[in-house]
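Trainee: Here's the letter readout for the chains.
There are 2 protein chains.
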Amino acid sequence: MEGMRSMKRAVVLVSGGLDSATALAVAKQDGYDCYALSLDYGQRHRAELDAANRVAAHLGVVEHRVMKLDMGQFGGCALTDPSVSVPVAGYVDGIPVTYVPARNTIMLSLALGWAEVLDADAIYIGVNALDYSGYPDCRPEFVKAFQMLANTATKRATEGRPIILQTPLIAMSKSEIILLGTQLGVDFSMTVSCYQADNKGNACGVCDSCRFRRQGFAEAGVPDPTVYQ
Amino acid sequence: MEGMRSMKRAVVLVSGGLDSATALAVAKQDGYDCYALSLDYGQRHRAELDAANRVAAHLGVVEHRVMKLDMGQFGGCALTDPSVSVPVAGYVDGIPVTYVPARNTIMLSLALGWAEVLDADAIYIGVNALDYSGYPDCRPEFVKAFQMLANTATKRATEGRPIILQTPLIAMSKSEIILLGTQLGVDFSMTVSCYQADNKGNACGVCDSCRFRRQGFAEAGVPDPTVYQ
Chain A
1 MEGMRSMKRA VVLVSGGLDS ATALAVAKQD GYDCYALSLD YGQRHRAELD
51 AANRVAAHLG VVEHRVMKLD MGQFGGCALT DPSVSVPVAG YVDGIPVTYV
101 PARNTIMLSL ALGWAEVLDA DAIYIGVNAL DYSGYPDCRP EFVKAFQMLA
151 NTATKRATEG RPIILQTPLI AMSKSEIILL GTQLGVDFSM TVSCYQADNK
201 GNACGVCDSC RFRRQGFAEA GVPDPTVYQ
Chain B
1 MEGMRSMKRA VVLVSGGLDS ATALAVAKQD GYDCYALSLD YGQRHRAELD
51 AANRVAAHLG VVEHRVMKLD MGQFGGCALT DPSVSVPVAG YVDGIPVTYV
101 PARNTIMLSL ALGWAEVLDA DAIYIGVNAL DYSGYPDCRP EFVKAFQMLA
151 NTATKRATEG RPIILQTPLI AMSKSEIILL GTQLGVDFSM TVSCYQADNK
201 GNACGVCDSC RFRRQGFAEA GVPDPTVYQ
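Sequence lines, in order, name chains A and B. Per the working numbering, residue 1 is the first one in the first sequence, and the count goes up by one each step. Per the working numbering, residue 1 is the first one in the second sequence, and the count goes up by one each step.
Simulated from the structure, these hints should not be mistaken for lab results. Any given hint could be a false lead.
Put simply, identical chains are the same to the list, so a pair is met inside one copy or across any two.
[To be verified] Straight-line distance between alpha carbons at most 20 Å, and here's what the computed EDC-like set of lysine to aspartate or glutamate pairs gives:
hint, residue 1, residue 2
1, Lys200, Asp187
2, Lys155, Glu141
3, Lys144, Asp121
4, Lys68, Asp40
5, Lys8, Asp121
6, Lys28, Asp121
7, Lys68, Asp50
8, Lys155, Asp119
No experiment lies behind these values; they were computed from the predicted model shown.
Turn these sequences into a full structure, and let the hints steer you where they fit.
Mentor: Take a look at the structure:
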């Protein structure tokens, strides 16, 4: 079977949002056979997972897996805990209540496990530090620390073939991501960014994520395909 | 509520085995209110989870959560994939097929998320490097790398209060762990170490884990309470 592999492999974290769709398109452009991984972590906005399905099919992944993990039982986050409201008031100092504790650490750990089983060479994640909304696990320091962990944590790494964490959007603004995705043929109408989208994936237009997205399309001069509620 | 907290908190990974039971007893001894976390990752030896329940209750944790996560769907490991046999032939060079890809990385990431929600000060895990059976994610380098990741990944860390990863057994042999646990009042008859225990938790006596355990009791001069099949 190994002899039949003509392409290198990448695990790509696909959330259904604009950023991860673009990261997936970059991974394809970089010549990888792509394996999409989504996490069903009890998020309120289930429309995200429908979007992840559409995006993965649209961009031709080899396989798309959705892992179920009940992070909602930990509580403490507006995206998973119904007792915490999603903020709509704009920028506030510090880390917002939409921060899911250790989310990127957990998602990257799962991607690392699958990458090792697939003998994949890379993991792609669409984090970006500029529009990162104050999340600690979207910063370059975090990415660097996870790479160092991956360099010690896996069987591949002990054989001198560590899995490389790719963050192609890390230094890009939302408008730059939209321009890049548009060049690479991403259909952004399939993506959902809203923290409180309805069942059809229609956006609220007022949460932090909606505001970054809307502003990004405006700055990029690209027509915004988002359907608002 | 916060004002009522008289004790510092720790999340303790409890697998149902001998090592994690001892790590939990050490965390209690260190003065922590303990929150036990177990992962139901599709392991063959479900008797482990029953043992985790018994151990958590026996050692008086505040709360015990079992998170379900289907790592078996990744395949590639004898402990989760029914098509791979558990080895019984003794030590072989390199990393054994019982290695679960990125398991400790994944479990520590989940512990980190819960610890952040609980505002816990520490995470305890019962890894040890001497009897580590060749797993890359039981080595001191791995532990150090995860601590560095935790130092950048969480909201607490950005506030200068990183969560500390405690590995009290890292440099101990199996017999030393058994002596320590015995001193701290751990009832090892409640624990299950076997990779292929039956439904009652009775051990095969021939897998790597059974052999390390049996030898540990013999070297410690402590009666072995394990029931073999």
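Trainee: Give a verdict on every hint.
Mentor: Now for the hints, and whether the structure bears them out:
1. For a Cα distance limit of 20 Å, the shortest separation of Lys200 from Asp187 inside one copy, 17 Å, qualifies, whereas the shortest one across copies, 54 Å, does not.
2. Taking the shortest Cα distances, Lys155 and Glu141 sit within 20 Å of each other only across copies (14 Å), while inside one copy they are farther apart (24 Å).
3. Taking the shortest Cα distances, Lys144 and Asp121 sit within 20 Å of each other inside one copy (17 Å), while across copies they are farther apart (24 Å).
4. For a Cα distance limit of 20 Å, the shortest separation of Lys68 from Asp40 qualifies both inside one copy, at 5 Å, and across copies, at 12 Å.
5. Proximity of Lys8 and Asp121 under a CA criterion of 20 Å is satisfied intra-copy only: 7 Å inside one chain copy versus 41 Å between copies.
6. With identical chains, the CA atoms of Lys28 and Asp121 are at most 20 Å apart within one copy only, with a shortest distance of 13 Å there and 42 Å across copies.
7. Taking the shortest Cα distances, Lys68 and Asp50 sit within 20 Å of each other inside one copy (14 Å), while across copies they are farther apart (22 Å).
8. For the homomeric pair Lys155 and Asp119, the shortest alpha-carbon distance inside one copy (10 Å) is at most 20 Å, but the shortest distance between copies (33 Å) is not.
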